[in-house]
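I would like the entire structure built from these sequences, with the hints used as guidance.
Protein chains in written order, with the numbering used here: chain P, 1 to 382; chain D, 1 to 367; chain B, 1 to 583.
Think about it this way: if two alpha-carbon atoms lie no more than 25 Å apart in a straight line, the pair counts; the simulated PhoX-like pairs of lysine-lysine are: (1) LYS155(P) with LYS316(B); (2) LYS534(B) with LYS74(D); (3) LYS350(B) with LYS306(D); (4) LYS534(B) with LYS82(D); (5) LYS148(D) with LYS47(D); (6) LYS306(D) with LYS45(D); (7) LYS534(B) with LYS75(D); (8) LYS306(D) with LYS263(D).
Everything labelled a hint here was simulated from the structure, so no lab data went into it. What you are looking at is a predicted structure, and each value in this text was computed from that prediction instead of being measured.
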Amino acid sequence: MLKINDVVKKYDPASSGRLRRRGVDTDKHRPALGGVSLRVEEGQFHTLLGPSGCGKTTLLRSVAGLEHPDSGEIELGGDTLFSAERSVDLSPDRRRLGMVFQSYAIWPHMSVRQNVAFPMRVGRDKRPKAEVDKLVVAALESVGLSEAIDRSATKLSGGQQQRLAFARAMVGRPRLLLLDEPLSNLDAQLRASMRLELKRLQSELGLTTLYVTHDQAEALAISDVITIMSGGRIMQQGTPREIYDHPENLFVARFIGSPNLLPAKIDEGSGRRTVLTDIGPLVLDEAVPAGLTDVVLVLRPEDLEPRRRVDGAPGSAEANELSGTVIAQSFEGECIRHIVAVGDERIECRSARHSDVRPGDEVSVPVPGRALSVVDAQDEPH
Amino acid sequence: MLEKPRQRLACLLAVACLGGLTAACGFPPVNTEAVAVYAKFAALKGKSRHDQLVDAAKAEGQLVIYVTNTAIEKKIVPAFEKEYGIDVAVYRATTEQVRGRILQEAGAHRVLNDVVETKDSEMAILGGQGLIAPYESDIAGTIPAEAKTDDMVGAYYIATLPIHNVRLVQPGQLPPDLAGYADPKWRGKVAVDQGDFNWYEDVYNYYTKQKGMSDHDFAAMMKGVAKNFRVVDGHVSNTTLLQAGDFPVFLSDFLQYVPSRAKDLSFQPAMEPVTLQILGADPMKGAAHPAAALLFCDFYLTEAQKYLHDAGYIPTNPAAIPGYQPRLPEGTDFVYDDWRTLASDRGNAWQEAWSNLLKGKDPVLPR
Amino acid sequence: MTQTLLDRPPAGHDPGPGPGMLRRVLARVEAKHVVVAVVVLLLGYLVLVPLGFLLWRTFVADDGSAGLGGFARAFPNDSDTWAMIGNTLAFAFGSMVVSMVIGGGFAYLAERTDVPFRRLLSLSALIPLIIPAILYAPAWIFLGSSNIGLLNNVTGFLFGIRPFDVYSVWGMIWVQSLHSAPIVFLLLSAAFRAADPSMEEAARVAGLGRWRVLTRITLPMVKPALAGAALIVFVQSLEVFEIPTFLGLSGGHYVLTSKLYYLYQEYPTDYQAIGAIGIGLLVIACVGVWLAGRAGGSLRESGTISGKAFRPRREKLGRGKWVAALFVLGYFVLAVVLPLLILLYSSLLKNYEQPSLQALGDLNLDNYRTLFGDSGIIHSFEHTVVVAVCAATAAMVLSAVASWVVVRTRSSGRRLLDALAFSPLVIPGLVFGVALAVVYLRTSLPIYGTLVILFIAYTTRFIPYGMRYAGAALSTVSAELEESAHVSGARWFETMRRVLLPLAAPGLIGGWVYILIVSFRELQSSILLYTPGKEVLSVTIFQEYQDGNTTLVSAIGVVLVVVLTVLVVISQLIAARRGVRNQ
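Dropping the structure here:
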């Protein structure tokens, strides 16, 4: 559906000059987008995830036509939106998109109804008034705002403005829905419920969606596919599960969740299934691909549950079990976080909230082989 | 992207400016038909001249005049329009602005006015540019010689003399002559207009040529008086302030303000010298309505005289006013504007000398 | 975060010439490109004509030789020149400071506090502008002269002192500041209105005192507007002519504009020296532009009306409220009531006289009878209305598009455009008049000798004000509001018409009203350019004044104040119904 081919966008010299004067280091050689390619399939909820400044918003705005890349191509449903090669750069109003901005960008001089009706009353395909009215009511109904239809847009609460922004972006059945951190201005509770509602609406309407966020929990919860970006490049692309379970590089491993990262070496003798770390050898379920030697082992705390060792019982020599001492603990509500000292390393573990492990306890931590993954230690992008 | 159209524009502009420059170097614009009309009527006299002139002027139907006089618009033009049924359009501004406008228009080879009405030295400047047609008629013969300059037949004088506020000074307290204003009790109380260098030159001529004072003594006297000056700008507004009592004496004020405002203002006893600027109307060589222009100049020297008198000016042809009563006593010693000097480069030298005097700098006389 | 002005062809690719490229280029031309190009060309033309003339007359002598002789003659190396430059700077700087304090202080009070009588403030911002300039300085002489000033009479009667002297540098600064404070007030109240109060709240929560919040948070938030307003009043005071002439001469306080008029009186007129003074003013103004730019005074400001809920909040003044109210009332009395009363009083007299019982007996309505019976005055009023309405509209349209380019695009020419649109402010009215006359005398189009030339003059002269108003109005509207309309399918023109213009309308209407009012008073170029038979009101007022009909002029002033105040109130009501619907 949406094809982005090798899009490059250099920093605007004027704005980087301003940034430099303010003491921000704008590396001239590092473009905002350094040759990004990706596909979004029909009906897919595709998330661009990354830290701020990674280029995700620039990419989204390039798709919208609000930024102008220096090279590359963007195609949507067979139409070329942008092509440096062929000198094509459709203006935003010709791209037939819907977009929700971080600030919602609700027009404060219009009523709720006028806001939603706007996309159908302007541009090249204006719709008849009767149809517009029907669609507006339907759109507001689907976001649960029908009772506010004739209110002034500025009188809505933050959550209501958010819903209004969605209704407005979706009402014209855009070919592609662009969402720029739409939930970041909401409080935590509202954010969680809006997240689900957003997903519901998107799948009900079957809208192809490109979503930008820096919130990994959000991304994991609602995406079909996540593209992780950093420094204007794509770091990894995959389903939430793939990304979480199999980070392809150190950046992704670090960025998703808060895993324990241990430098490790491959034990070639084990058929590349055993890795050697400072706290002993650990066995993976799958062989490490050839070519990797210096690796970093990724151990997710949520896979590691410490168990109190029976007094006097020796540490199990069985493979994939760590033994150590709980040196700190915090009660997080839904779980308990433990810091376990294993040799010289500090390993973070989780347990259910009823765990009887206490600080100072000697514990053993079983490490399930399927929960382990490795990434190249040299794969640090910068 | 913004640069290119702008460059092109700059080029266009430069061309336009250059065009303007070359146009400005051309000959003064002359309407040969107008010159012929002037010549024809110069040869005629009396009633036949007048009747033919009225017919020709009515045929033209319109008149555009550039003037400096404040009485023209309200009184003289309506009377003229009423009498002859000719539409008159008036541009009124200061003497410098009228001169500037005519020279700019002439520079573009356009003459948009038929008559110019201004003062002696300004008319000399316009005459020097070849823009003015000499006004010739039998009426001119009845005007005294001192009211005529090379370029015009004066219709009235503006008299410059000290005017005081009677609530602040009694007649007995006024000094008999200019030197009396050097007394420290006048400090800051004697207003002079910063543009009145022509008055300064007239006063110089009076003291050095008529009274035989040396340049040195004159300079010393003026420096003494200047210590008490209060420099102002604008005769009208400052006459208002004089009348309101902000200061007691306006040394280089105009006589015409006294009769029109009357209350609290007086020039009596008139201190000598009373200086006179000569003002009048002249037809333009490039006039589009030459007959109407001539008719207006005639009118200005005859029927308009009473309006000029009413406005406080001194008419040059009092015979045209039934029951004329002069405002200044017979035998007042007048000094006429030295318009020849003022219209020459020496004019600027006098302006500088006057400016020096006001700022307390030397020299206070042109080198 | 914005669009480029024209979509650049992508880098590193040259499709080469050919019909295909032309077609593609044409296909990419949108309404916005056409509109922007037309506006930039028009604006460039309007501004470059007088500017080019100024440069040409300064550096090229009448005989065609180029040189700097004008500077030597305009600025001879003596103590006078330095005193004059010093006076000019002191006057401009003093007026800037005082008007910033007055205008800025009252803008803050009006927009950010619960001070009573707020409505009076916006009136006191406009009425001093409506009073004809020719009467404003004399009105202050009648109030503040050490000899006849009413204020001195009052203090003399009460305390036996006469402390005010309007004929001093301070007097000049005071009167000029009262004249400049309105635009400071108008520009800053827009900025204060748009600044997000949650920042101040956050600072108060963090424990900062009221004064620290003001100096550390509020003022930095409106810094661009502060710098912009300071710049405009500074430059205005450089160029003003009436006040130094009226109040400065008797104390020997000569300024650059005095010298300009002195030179203009000479014959042959030394246009090179006049131009040199103009360039001198331009240089001082450029230094001001540079300084203001360093302080963040460019038109670019961060968007503040975003799509988010936004509630203006007013600071509770507590007990200080009534002190502040006293200041507001005092200012209203000083800047509006007193001058207006003097005006009204003198309009009822034949000749001005100091107020007394006897004078009260002389009061009559003759001037008003004359006024309404004089077709010349009525016609000049009509001409002025036509020219002023057209000029205000044209200047605001041009300014709105030009400041959109400055505020919203990254095009490389926008700084140049900003500077270009600012420069007419510095060109003295006299130079302006002469320039337009010389240029349009040489075209066969019916411009010279019609009202069109005044329309051109006013539009050009007042574009700088339009730019300030439009820039402030547009920069308070977040770019995302435009972008979201654009992505929603609205073409550029629709986005402008349905989103940006309504949101910026209050500011744009404010600018329109301001230009309308200053057009009514513009004299310096009008007197040179008006056409016989097509007088405008400022010229008529000047002429009536010259004729000694001071009190008639007062009557015209009173009528003007009434008519324009009604107009201002109507336009403010319209402005209030547009824009963000708050309550």
